[in-house]
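Go by the hints and put chain E onto chain Z.
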Amino acid sequence: MTSREKHDLRCGLAFCAPWFIGLGVFMMYPVVASLFYSFCDYSVLQSPVWIGLENYHRMAGDAVFWQSLKNTLFYAALSLPLGMIVSLLLAMLLNTQVRGMTVFRVIFYLPAIIPIVAGSMLWLWIFNGQYGLLNWALRPILGVLGQAPPTWLADPAWAKPALVLMSLWGVGNSMVIYLAGLQDVPKELYESAEIDGANWWGRLWYITLPMISPVIYFNLIMGIIGTLQVFTQVFVMTGGAEGAPARSTLFYALYLFSTAFYDLRMGYASAMAWVLFVLIVALTILATKLTEKWVYYSG
Amino acid sequence: MSRISAVLLCLLLGGCGGAPDGKVHVSYWEKWTGAEGEAMQKVVDQFNRRQDKIVVEYLGISDLARKTLIATAGGDPPDVAGIWLANTYTFADLNALVPLDDFIRGEGTTPEKWAERYDPVYGDMGVYRGATWAVPSTPSVAVLYWNKAMFRAAGLDPEHPPRTLAELDDMAEKLTKRDPQTGDITQLGFLPQEPGWFAWAFPQWFGGRLWDGQEITIGTAPGNLECYQWVQKYTEKYGLEPIKAFTSGFGNFASPQNPFFSAQIAMVFQGVWLNNYIRQFAPGMEYGCAPWPAVKPELADFADAEADMLAIPRGAKHPKEAWEFIKFVSSLNPQARSQKELLGMELLCFLQEKNSPLRQWSPFFEQHHPHPYIELFRRLAQSPHAVHTPKIGIWEEFASEQGEVFEKVRLLMEPPAAALAFCQGRVAERWAEHRRSLARHGLYAGTAAPQSSAAEGHPFP
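Respectively, the protein sequence lines represent chains Z and E.
So the first sequence is numbered by my numbering: it starts at 6 and just counts up by one.
So the second sequence is numbered by my numbering: it starts at 619 and just counts up by one.
Certain hints may be false.
[Unchecked claim] Coverage of chain Z stretches by chain E, computed from C-beta distances (three or more under 8 Å per stretch; other residues unrestricted):
| id | stretch |
| --- | --- |
| 1 | 15-25 |
| 2 | 48-56 |
| 3 | 72-80 |
| 4 | 170-176 |
[Unchecked claim] Computed beta-carbon distance windows for the label pairs:
| id | chain 1 | residue 1 | chain 2 | residue 2 | range |
| --- | --- | --- | --- | --- | --- |
| 5 | Z | W130 | E | R781 | 16 to 26 Å |
| 6 | E | P1033 | Z | Q72 | 51 to 61 Å |
| 7 | Z | V149 | E | E916 | 52 to 62 Å |
| 8 | Z | W206 | E | I688 | 30 to 40 Å |
| 9 | E | E984 | Z | W71 | 54 to 64 Å |
[To be verified] Pulled a few chain Z residues facing chain E out of the computed Cβ check, cut under 10 Å:
| id | residue |
| --- | --- |
| 10 | H12 |
| 11 | N140 |
| 12 | R270 |
Simulated from the structure, these hints should not be mistaken for laboratory data.
Every residue gets a Cβ at the ideal spot worked out from N, C-alpha and C, and that includes glycine.
Bound-form chain Z, shown alone (with noise of 0.2 Å):
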């Protein structure tokens, strides 16, 4: 290595420096050591006590754990199908040809940049049981059943569906990229389609859709990974990490912080965490597979 290179690593690796250490200090360091953590006794204000597996025993024998787990799956197993299938919808509605098509557009990515918590104050009017706008729609048409609406928030019940519509609000990113999908699949394909007599379903079930898959496969996975970590909105809508009503929305992330930071038990709530990394990625591999089959790269 000439002087003139060993000058330029030297430069390169000053430049890259800051990035190495931020990644080192503030990402690595937190996550080895949450690691060992998960199996120590830990509190935060003392050394941490090697116990082995003992925090992953308890955590199989933990009621409140396994409820905020099933809370959890089931506010994905909805929000994460319906998300997907409503911001796909919106993408293309959005990538038709009509005037005014950019306010369109707009007006359907704001609420995505609208501040979590400012959204989620808003959201707790609309599910207000007496004079929220939801209610106030509602009523008169179960009004007819003989029906009153729910509570929403209000009610165990339904607490975690009032959740899963609040999510559908906040489609604005993935329907940008679904959209960034739709516009890149070639016009031709359609021209052909439609000179071989394709109707609008044949062409969305055998071009658009096989075109798109990968980015409805990154949409899946980004999704599995966000609806398993959701926390800000629950813990402004229902007043903290209690999960309030009776738990019911007690779900992962939030039982995690209270654990870590309100009970102080950080080698029982590193252990958790890791629990849900493991699982994550036990989905996302499972996705990878089951979804292998018809994601299509082209080109």
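Just chain E, lined up with the frame of chain Z:
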């Protein structure tokens, strides 16, 4: 040149042997903002004016307990922290606070005599396992507030609040109104969950016990089951769905839509601070304050008394100066005859419109307190049946589990006995685990009984 650079660097970093004014700067983290924060700022200013060696810097912090904890773990805590009472025992268990006993002795008194300056319920709060870990700043007592206009409209004597539980239930029924056509509730007399802040004390109100100083007793002590059966009866009486529909329209506490302010509910358990909010959000409202209705005659004048606490986190850089400030906040001018003459604790409690936790009140504080019922608060704080947050290092979890019992019972999801049994099992397991964890770390692993601390190798100074 290099000397100038070094001096500049020192100035920039703010180091080089203390503040430029030669005073010790004490950092004080507190939870209060708004009017309550301004009140404390005035006390801080008073302290800073009255001496020239220490400057206390007040910093309002959200989620204070969590931040103090992390700062303490990181070795850079504030010098004074205004923690919640419930945090005190957990922090003490985890060795996160500096015991105040040596400072108290340094004042030429004993911790016992120091505690005697307060009403017994407040003097006892910071004492845990034989040491004083924190002292009260502002206290509160929860009482029954009732809306006199609603009483009058329902044909009840507006000057006669319920004295017994039977009277409470009876008046609640008379004050409840329904829409004659739809059957929907339009007004409630009383509801155990509104606002529910003091629901943790309900079992003790019924003569029950949450734990006995050794073992968890929420699922076993008599009185507890009776308490939750009473909670359940309210839902059964008014109907789960009508209650849910009616209460879902309730607004925030600090708003005119607060159901007590908007005359949607006639009686609530609330703290001393409510007068302040009534003036702000429901000016002119006619209300009264009364002791908790007696569940059992022998438990008359039951009260839930709480306090915010001042503590010195372990690792604080200026513990002596921090103590000087805490001592000042705990002081009063017994001769004060005007607001200007109020000092320390009394200035704080006067401005925050709360009762003083000290036994002695100055003539001005006693006679000109803005809360018209302040004497009742004082009497209840001195009651032998005043209770406060249990002295147990896992109280946050305990309270959370107890809250779940309340939720499950009021929502008719589980019978009270089953909900209590689940809670008993879970909290007892956590309590055993907590003690095991303390033992593992070489910390105190016994119970709350202070006399056993020496025998079990109490590691605290």
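Right, here's what the structure says about each hint:
1. 15-25: violated (count 0)
2. 48-56: holds (count 7)
3. 72-80: Coverage by chain E is violated for the stretch 72-80 of chain Z (0 residues, Cβ < 8 Å).
4. 170-176: violated (count 0)
5. Z:W130 / E:R781: 16 to 26 Å: Violated, since Z:W130 and E:R781 (Cβ atoms, about 40 Å apart) do not stay within the stated range.
6. E:P1033 / Z:Q72: 51 to 61 Å: For Z:Q72 against E:P1033, whose Cβ atoms are near 19 Å apart, the range 51 to 61 Å is violated.
7. Z:V149 / E:E916: 52 to 62 Å: holds, 56 Å
8. Z:W206 / E:I688: 30 to 40 Å: violated, 57 Å
9. E:E984 / Z:W71: 54 to 64 Å: About 56 Å separates the Cβ atoms of E:E984 and Z:W71, which means 54 to 64 Å holds.
10. H12: Violated, about 28 Å.
11. N140: It holds, given that the least Cβ distance between Z:N140 and chain E is near 9 Å, below 10 Å.
12. R270: holds, 8 Å
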